[in-house]
Structure formats: structure tokens, C-alpha cells
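Novice: Sequence:
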Amino acid sequence: MKSVLLCSKRSNFTSLLFQHFYFLLIILSFSTFTAKADDGATGSIKGKVTTADGQPAIGITVALKNTTYGALTDADGRYAIGKIKPGSYTIRVSAVGLAPEEQSVTVASGSTQTLDFMLKENASLLKEVAITGAKSRYKADVPSNSIRLNEPLLEAPQNIQVITSQTLSDQQVISMSDGVTRNVSGATRLEHWGDLCTRVNMRGSRAAAFRNGMNVTSNWGPLSEDMSFVDRIEFVKGPAGFMMSNGEPSGIYNVVTKKPTGRDFNGEATMTMGSYDLYRATLDLDGKATKSGSLSYRLNLMDQTKNSFRNYEFNDRFSIAPVLTWKVDDKTSLTFEYTYQHAKLSNLGSYYVFATQGYAIKPRDFTITEPGIAPTYIKDNSAFIYLNHQIDEHWKLTGQLGYFNYQQQGSSAWVNSVKANGDLIRSVSIWDASNVMKFGQVFLNGDVQTGVVRHRILGGLDLGNKQYIADWGQGGAIDSDAKPFNINNPVYNQPALGLPVFDRSKPLAQRGAGNLSSQSYTGVYGQDELGFFDNVLRVTIAGRYTYVKEINYLAGRNQKKFTPRFGVSVNIDRMTSVYGLYDQSFVPQSALIRDGSLPKPITGNNLEAGIKRDWFDGSWSTTLSAYRILKNNTLTADPDNKGSEGFVIDVGQTKTQGIEFDTRGQIFSGLSLVANYAYTDSKISKTGGAANLPATAVVGAKVPGYAKHNINASLTYTIQNGPLKNSGIYAGATYQGDRTTWTWNASSGQLQLPDYYKFDGGLFWGKDHIKISANVYNLLDKYLYSGAAYATYYYWQAEAGRNYRLGISYRF
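Note that the UniProt record's numbering numbers the sequence shown so that position 443 is 443, with each residue one more than the last.
The hints are simulated quantities; they were obtained by calculation from the structure and are not laboratory data. Hints may contain errors.
Said to hold, decoys possible - Capping the alpha-carbon separation at 30 Å, the derived lysine-lysine pairs in DSSO-like fashion look like this:
| # | residue 1 | residue 2 |
| --- | --- | --- |
| 1 | K48 | K379 |
| 2 | K48 | K291 |
| 3 | K259 | K708 |
| 4 | K344 | K258 |
| 5 | K331 | K306 |
| 6 | K600 | K683 |
| 7 | K259 | K362 |
| 8 | K379 | K344 |
| 9 | K379 | K258 |
What the hints assert, rightly or not - Simulated restraints on C-beta separations:
| # | residue 1 | residue 2 | range |
| --- | --- | --- | --- |
| 10 | K344 | V501 | 13 to 21 Å |
| 11 | P375 | Q752 | 16 to 24 Å |
| 12 | T305 | Y757 | 29 to 37 Å |
No residue lacks a Cβ here, since even glycine has one placed at the ideal position from N, Cα and C.
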């Protein structure tokens with residue numbers, strides 16, 4: 001069971017929507033080209049914007065005063081404004097926290113003017129912005145360098161959503177599993193292993209987990225990242241060929257860690273306390289290690305103790321994350337990063353309740369776990385080296401190495417039987433594991449002009465090796481038929497057969513030899529985004545070749561595949577773009593079929609169209625997209641599994657289609673909003689060849705792990721003036737309608753999950769360098785849960801009732 005819960009015709013409505021999107025794309029493209037053709041002789045301006053310390057000024061506005069001409073700087077601080085009518089103008093470069101600069105420029109027909117800017121940092125204003133928030137604190141204009149796309153999000157032909165550090169801070173999110181998904185349309189979390197790892201589903205299947213552009217997805221991993229060392233989280237919807245490594249057709253989420261900013265010494269200290277004995281402290285230090293700034297550092301520390309609304313559960317952690325950047329010269333930098341996370345967790349699997357009658361028949365704080373079970377310990381080490389070299393104004397080379405070493409010693413719990421009278425036979429088995437991953441990547445970004453065509457070029461090589469080994473072979477029942485555990489009359493500390501004692505005298509490599517999963521891969525990617533009509537129309541032509549060698553449970557094989565990618569994006573004006581995309585995916589699967597064979601790799605494709613717009617000079621944005629994803633060789637649990645068996649079967653092909661809407665940013669002065677809606681329809685379109693498919697796994701059946709309707713909203717209002725300046729209120733809401741369970745039901749007629757409603761709220765006060773925040777979650781104190789039917793019974797995980805967090809932060 002543990003390995004399974006790893007981390008029809010198209011509807012007329014969706015078909016019609018796709019037709020309208022593509023028709024709109026064609027009409028808008030034609031009208032844009034017609035308008036541009038009538039412009040007559042024009043000129044253009046390009047250049048680079050840097051800060052006082054020579055760093056690229058990213059995502060700031062470059063505009064011609066008193067006109068509609070303008071652009072945002074990209075990840076390298078570069079900008080380009082085209083199709084400008086000849087004449088004299090004043091060009092202004094500005095952003096909150098940077099002193100604006102202006103220059104006069106004369107644009108001539110058929111010529112390109114180059115204007116570079118160096119902005120002077122206003123340190124006091126920057127600190128004020130850090131406390132009170134800037135207009136774009138909930139909105140990012142460009143992706144991180146680890147996404148590799150050297151262009152603004154508005155111009156990318158794909159739905160990419162960025163959760164900023166300010167969003168995470170205002171919501172008091174403390175780990176990747178702690179409500180992050182509410183900030184992205186259609187994303188949900190499957191809670192199976194609590195805070196051990198974060199399994200995110202979107203667009204009908206699991207989203208691959210990335211860290212700084214490296215694919216760290218594994219069966220039970222990575223360990224959920226603590227937010228103390230996280231700068232932002234980027235969600236890429238659909239296959240992401242430009243990330244080079246294997247990725248799910250549903251998309252990826254990329255956790256970007258904090259790096260040195262190159263500024264003078266600054267930092268933040270926070271203390272948080274909350275319900276269930278939550279006590280947490282963090283420290284973030286950032287500064288220059290040398291007077292010249294050639295060496296800069298970032299250090300993040302965290303310590304936390306946390307219990308649960310259920311007895312005998314805890315989640316104690318600490319983390320250390322130092323980063324050092326060496327600026328070799330004006331064109332080259334090296335960054336060294338190390339992160340250590342240590343976790344002490346209660347028994348994995350202790351979150352569940354089991355019953356034959358249905359879901360939520362016991363109080364939400366009910367537990368079946370035993371207090372005497374030894375904790376699970378996890379030591380998670382990761383190290384990165386990044387090389388950035390600006391070859392010239394057109395070409396940039398990036399290389400990076402990554403190493404992950406995850407060691408786990410503990411146990412997991414499940415049940416051997418569940419009876420109608422409430423009797424359970426509980427079991428506890430060892431779960432020691434080692435997860436080692438190594439990565440090497442190099443990619444080249446180019447931005448060149450050939451005649452009237454602009455080329456944004458991306459080429460890269462991606463190498464990776466992953467090895468997971470686990471010992472699940474020891475343990476057994478702790479209750480007996482003569483003395484079971486009864487959920488209606490629970491007795492703790494007296495299991496009939498006692499708690500198991502595990503023999504760890506042999507090394508894990510020997511104990512877990514039969515449970516080895518190993519994968520080595522090589523990915524080569526090439527992309528050219530061709531820009532026409534001064535980059536108003538952008539056409540992407542790309543492809544990825546992937547070669548994979550894998551060993552799963554002693555069976556091995558090699559696989560290879562080429563996957564193409566095509567995209568088109570058109571700017572209707574400088575604040576609006578429409579796009580279309582076709583991309584494919586290829587993902588080998590780490591699992592085992594009962595006959596000893598390996599499952600076929602996931603193959604799939606995504607067809608997508610959308611429209612993006614920035615509003616009110618870029619202070620907030622909206623994205624509307626429609627998509628259809630076909631995914632082949634979808635796996636589910638073998639219904640004949642017994643006890644700890646984890647065999648799988650091939651369900652066949654699934655088709656997922658839907659609509660997604662996201663908006664984020666500052667609506668007006670003081671009012672910031674993150675809101676989204678997703679309609680998702682994911683069903684089996686073709687069945688696989690397995691003879692023992694679950695009775696409900698038929699053509700047209702819903703795929704587990706999503707909600708048909710998913711709505712989220714988070715609203716923050718900050719008072720701008722008066723004695724309560726920098727104080728405010730926070731409100732959040734989540735609704736999931738028509739939820740599916742975690743797995744396919746073994747038979748029809750079993751109970752479905754009810755709709756999900758959750759409301760949060762909070763108050764905050766800020767003055768100078770201090771901010772105090774008080775948030776309350778699950779305001780209505782609803783009994784919230786998720787789960788599934790399994791064999792002849794149901795199991796579920798409850799969420800906490802009404803609970804609070806009080807946080808105090810000090811910036812310096």
C-alpha cells in the first residue's frame with residue numbers, strides 16, 4: 001500500500017473553449033501584424049540596466065514618458081523597445097526601491113539606439129519597501145535563472161505562476177506542505193505522508209519536484225523544504241521541456257533558495273508560536289564578506305518544535321543553510337550553497353484512522369498510534385555549486401552541480417485488518433531509507449539578431465543519477481485476534497504483541513538490496529524563440545532528447561526518446577499577450593509489476609492556449625489558460641496487494657482537460673490579492689492490459705487525486721497613513737468541489753469525499769523594523785479531511801481545527 005500512494009470524449013464546453021482560444025489567437029495575430037505593417041519606418045531602443053553594485057536590475061519598468069512604449073528588464077537586466085515612431089523622447093527607468101533615472105533620446109527611422117543605465121540604490125527606501133511592501137510584492141515579472149527562460153513571464157508561451165517570498169511570509173507558511181498550493185490554480189496536496197514529503201497534484205497527476213532547476217523527485221521525496229531558506233516557488237503548468245530533465249505532463253514546481261543579494265549587511269530575525277506547542281525561530285543574515293563586495297554571503301538558520309492536535313505526534317526540526325558567492329570579475333561569479341535539514345518525526349502513518357462505516361466517524365483528534373513507537377529521524381544534506389559567466393552582451397553560460405544525501409531511520413504504521421465492530425489489527429514495520437542524487441547541468445542562453453528576426457536561444461545538457469534504497473522487511477502486527485485495538489474503546493500502551501524491535505546490525509545496503517531503485521539520465525535540449533516584428537510575435541521551436549538507464553527492484557532497462565516543443569506568443573500591446581503551446585513529456589517510472597516486469601514510461605502531451613495581462617502599469621496580473629493533456633501508462637496499486645506489498649498495474653491512458661485562472665498583485669494602494677480558479681476534468685480514456693483492474697477503473701472513470709472545482713483567494717490590506725500605518729488585515733478562503741479520493745475505489749458504490757471549505761484570517765501591525773502578525777486558520781472550526789476507500793474499509797486524515805500562529809519579525 002505504501003508504494004502506491006506515491007508521493008471518453010472531450011466535453012463540448014472544453015472543445016468550444018479551445019476553438020475560441022485558437023480563433024482569438026489567429027485574429028489577434030492577424031490584426032497585430034496588419035497594424036504593425038502600417039506603422040511605416042520606425043526605430044528601436046535597447047540596453048541594460050544595472051544597480052550601483054553592478055548587478056542586473058531585474059523586472060523594472062523602462063518606458064518612454066508620455067507614451068505607451070515600454071518594457072520590463074529581463075533576468076540579465078536587458079530591455080528592448082521596438083516599433084517607435086521617429087522623434088525625440090525622454091526614457092525613464094524606475095522601480096520601487098531604486099532611484100529613477102532619465103535620459104533624452106532621439107529615435108531615427110531604421111536605427112537602434114543603445115542606452116544603458118546604472119541606478120543608484122536608495123537604502124532607506126529599500127528597507128521601507130521590505131517592511132511595508134512594494135506594488136509587486138505578490139507578483140513577479142520574470143522567472144528565476146533556474147527556469148532558464150531569458151524573458152518576462154508575460155512573453156513566455158506557457159502558464160507559469162510564481163509564489164513570492166512576501167506571499168509566504170504574510171500567510172506565515174513554514175514548510176512546503178503548509179498551504180503553499182492555495183496560491184496556484186488547480187494545485188492540491190496529497191497528505192499521505194504528512195510533512196515527510198510534499199506530493200503536489202495538478203492537471204490530473206503528480207507535479208515533479210525541482211530544487212533550483214534540478215529534478216529532485218523521488219518516490220518519497222524530497223523532504224519537505226522549510227520556508228526559512230526559500231526565496232520563491234515557481235509552478236510551471238504542463239510539460240516543461242526547457243527544464244531539460246524528465247518531467248511529468250502535469251508540470252513542475254521549482255523551489256528557489258535564498259542567495260546573497262550583494263547588499264550591505266542586512267537581515268531578519270523571526271519568532272513564531274502557535275497552537276499545539278509550536279515554537280519556532282529563524283535568522284536570515286545577508287551581506288558582503290569583503291569591502292569590495294567580491295565575496296558576499298547568506299546564512300539562514302531555523303529551529304522548531306511542534307506537536308499536533310492528535311496525541312503522540314510531533315514534528316521537530318532544525319536547518320542550516322549557508323551560501324557564499326564569489327564575484328570573480330565583472331562577467332563571472334561562483335556560488336557555493338549547502339543546506340542541512342534535520343527532522344525528528346512521529347511514526348510515519350500515524351495520521352490515519354480506519355473504519356468500515358465511512359469517513360470522519362471518529363473525532364478529528366482520534367489516533368490509532370502507540371506512544372511508545374520510536375521517532376523517525378531524517379538527515380537531509382544538499383550542496384550546490386553554480387557558475388555564471390556572461391560571455392558578452394549576447395551570450396551567457398550557466399553551469400551547476402547538485403548533490404543530495406537523505407538518510408532516514410524509522411518506521412511506518414498501517415493495518416492488517418479492519419472489522420465492522422471497530423476492531424483493528426495494527427502493524428508497524430521498519431522504514432530505513434537512503435536517497436542519494438547527483439546532478440550536473442550546463443546551459444547556454446543567447447539573445448541575438450539576424451536581420452529582422454530576434455533569436456532567444458537556449459541549449460543545454462542535463463546529467464543526473466538517483467538511487468533510493470529502503471528496508472521495509474522487518475516488523476509485523478502489534479495486535480492479535482484475541483486482543484485487537486478497538487476504535488470505539490481504545491486502549492494505548494498495551495499492544496497485545498508488543499512493539500517490534502528492529503535489527504539494524506547489518507548495513508542498509510544489505511538489508512534493502514531487494515528494494516533498490518536507481519536511475520541515471522542524460523538530457524540534451526535545444527530551443528530557438530524567434531521574434532518577429534520587433535519581438536511582437538514570438539515562435540518557439542525546441543526539442544529534447546532523453547536517455548535513461550534504470551534499475552528498479554533488481555530489474556533494469558535502458559530507454560530513450562525525443563520530445564518536441566512548439567509555442568507561439570503574441571503581444572497585443574505591451575501589457576497583453578496571447579499564446580499557444582504544444583509540448584511532450586517522457587518519464588520512466590520507478591515501480592514493479594507483480595510478474596517482475598517494469599512498467600512502461602509515462603508519455604504524454606499538452607495542448608494549451610492562454611491570455612496574459614499586466615494591469616495598472618504592471619502592479620497586478622491575470623492569466624487565463626485552457627489545456628488538454630494526454631498521459632499514457634498511468635499506474636495504480638495492484639488490488640491484489642497484501643500487507644506491505646507495493647506492486648502496481650497499468651491503468652492505461654488518461655485525458656485531463658480544464659480551465660485555469662490566476663490573478664496576483666496589488667489591486668490598488670494597500671490592497672494585495674492572490675486569487676485563482678481551476679476547472680479540472682481528468683478521466684480514463686483508454687484502459688491498460690492488466691487483468692485485475694479495479695472495478696471502477698473503466699473508460700470514463702475519474703482519475704484520483706484532484707478536485708473538479710478549486711477556488712482560492714488571499715486578500716491583504718495594509719493601512720497607508722495615520723497612526724495605524726503599516727497595520728492591516730489578512731483573509732483567505734479555499735473551496736474544493738467534487739473531490740476525488742486518493743486512489744481508485746476497488747468497487748463501485750463506495751462513498752465519495754465531501755466538498756471542502758476553509759477560511760483563514762489575520763491581523764498585523766508594523767512600525768519601522770518590527771512586524772507582528774497573528775493568523776487564525778480554519779476559522780469556522782470545520783472537520784476537514786481527505787482519504788479513500790481501500791478493500792472493505794475507509795481511511796482518512798483529518799486536518800487541525802481552529803488554530804493560530806503569532807509571529808514577530810525584526811528587520812535590520
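Novice: So, for every hint listed, does it hold in this structure?
Specialist: Verification of the hints:
1. At most 30 Å may separate the alpha-carbon atoms for a hinted pair to count; K48 and K379 exceed this at roughly 43 Å.
2. Annotation: proposed proximity of K48 to K291 holds, straight-line Cα distance about 25 Å (limit 30 Å).
3. Restraint check: the Cα-Cα separation between K259 and K708 comes to about 38 Å, which exceeds 30 Å; the hinted pair is violated.
4. Between K344 and K258 the alpha-carbon distance is near 24 Å, which keeps this suggested pair within the 30 Å criterion.
5. At roughly 45 Å between alpha-carbon atoms, K331 and K306 are farther apart than 30 Å, so this suggested pair is violated.
6. Between K600 and K683 the alpha-carbon distance is near 20 Å, which keeps this suggested pair within the 30 Å criterion.
7. Between K259 and K362 the CA atoms are separated by roughly 46 Å; this puts the pair beyond 30 Å, and the hint is violated.
8. Distance restraint check for K379 and K344: the Cα-Cα separation of roughly 9 Å lies within the 30 Å cut-off, and the hinted pair is therefore satisfied.
9. Only pairs whose Cα atoms come within 30 Å are accepted, and K379 paired with K258 is accepted, the gap being roughly 21 Å.
10. Between K344 and V501, the C-beta spacing of about 20 Å keeps the proposed range 13 to 21 Å intact.
11. As the Cβ distance of P375 to Q752 is approximately 35 Å, the hint placing it in 16 to 24 Å is violated.
12. Evaluation of the 29 to 37 Å hint for T305 and Y757 yields a pass: the beta carbon distance comes to about 31 Å.
Checked against the numbered hints given earlier, this structure breaks hints 1, 3, 5, 7 and 11; the rest are met.
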